[in-house]
Amino acid sequence: MIHDYLSLSILLFCLGILGVISRRNVFTVFMSVELMLNAANLAFIALARLHENMDGHVLAMLVMAVAAAEAALALAVVILLHKHTGKVDTNVFSLLKG
Amino acid sequence: MLSQWLFYAFATVSVLGALGLILSRHPMNGALWFVVTLVSLAGLYSLLSASLLFALQLIVYAGAIMSLIIFIIMFLNIQPADIPDEKGKWAYLLGGCLAVIPIGLLLLKIVSSLPEGDVDIVGNGFGQVKSVGLVLFRDWLLPFEIVSILLLVALVGAVVLAGKKEMTQ
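The listed protein sequences derive, respectively, from chains A and B. Numbering of the first sequence is given in my numbering, commencing with residue 35 and proceeding in unit increments. Numbering of the second sequence is given in my numbering, commencing with residue 25 and proceeding in unit increments.
Just so you know, nobody snuck in bad clues.
With beta-carbon atoms standing in for the labels, derived distance ranges:
hint: 1; chain 1: A; residue 1: 118; chain 2: B; residue 2: 142; range: 47 to 57 Å
hint: 2; chain 1: B; residue 1: 172; chain 2: A; residue 2: 118; range: 24 to 34 Å
hint: 3; chain 1: A; residue 1: 100; chain 2: B; residue 2: 133; range: 27 to 37 Å
hint: 4; chain 1: A; residue 1: 97; chain 2: B; residue 2: 28; range: 22 to 32 Å
hint: 5; chain 1: A; residue 1: 121; chain 2: B; residue 2: 138; range: 43 to 53 Å
hint: 6; chain 1: A; residue 1: 114; chain 2: B; residue 2: 133; range: 38 to 48 Å
hint: 7; chain 1: B; residue 1: 139; chain 2: A; residue 2: 114; range: 40 to 50 Å
Treat the hints as calculated values from the structure; they're not laboratory data. Each residue gets a CB set at the ideal place from its N, CA and C atoms; glycine is no exception.
Pulled out of the complex, with its shape left as it was, chain B reads as follows (with noise of 0.2 Å):
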């Protein structure tokens, strides 16, 4: 029953973040709400057993993802009067509910038709670090040094983008 009050608190603290994130009109107040749900997700992935998910949503998500967002919203020292003036805000809200509620209770009622199951902790190493590195680089190598080359392509071209000093003519 601990796993349930857990998965629950959780739940609402991740949701609570989301909302303010969506919410808070600064980019850094919302920054650190979704920093808020991002913690919260690991614990959710702990109570699945994915212990090196838990570890690398600390450490990849919250921690460097995260940072770096907030490095940039820092760095580019917005001050109140750049915000923008969001007066249809609301209204839209309103207009996206409308047109996601119908879709969000499309997937409820698919997911309500997968099998149940529990989530006891499982034993037989389900994934810890050694399981899931045989899964990665025995099924899934290709994947890996695509993802890779994905990330070397994405460095250099923030470097090329970010690093110019004037634009060309």
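So that you can see chain A by itself, here it is in the shape it has in the complex (with noise of 0.2 Å):
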């Protein structure tokens, strides 16, 4: 069973990582991101009952608390540039020159 909760994390993640490399919406390719941190974190969260040990929930915690950080940084950002350029695309962000 626990191979079924890691195989199900395995295809979030490369979901995730599909999400990035073919969106061009900002917002998509940030939310991809975290779909990315939610797959480790299912991941941290089995192996921990595969083993029977918390350090895998404390761990889950941190990658949470990490995501809280990007998110407020992240959409500071993009609200900066959507600012600057009025646009949510990553191709008008490649060139972040202020």
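Using the supplied hints, reconstruct the complex from the two chains, each of which is provided in its own coordinate frame.
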């Protein structure tokens, strides 16, 4: 049963990679990164259940905190870039010169 | 057997949500699909007897982080004309599948070499607030403090970045 959980985590991670490399909307790219973090969390918790050891739960909590910090900073940067260019296209954001 | 059926239901819903995220055109639709994924992942955490993580996933991820993202998407008031027209989306998806599938198969191979275990509910406080808190404050105290500093830095950085009146020349 643990193998099914880990396989689901791999599938979600691959879907996140696909979202990052195939989309140009900056919000979709950002949420695909969040999807990859969630897939990693699922793997942590499944392995914690496999070994009956709670270090995986603590790691998942730390990953959530890092995701919250990343969300705050990334959305601030997106607001700033949207003020400058009026777009949400990652191709436009490839030139970060202010 | 009920837990197995629940796993398949939650897994299907989470994969559907992820597909909706990476295929929907407007970011608001993608965000709402992603909330579906997050809630079904919370269900999977509860099946793995991680009750604290179940609550945190619902409160912090599906509640706080996603409401922040949805708030910012609404705040920027994205019109259909502002959305980038992704002409090569399907080509990129196909090429991405070609690149990702070997990695996924390799990881599946690694997973199949791990020992298999059942996922019955474990007793003696596994995954509950008290026992996770004991592990957190005994073995992971330094990472916990570092994460608190990281959150403070991210807070100050977000205020400085987004609250700027005008860019100085």
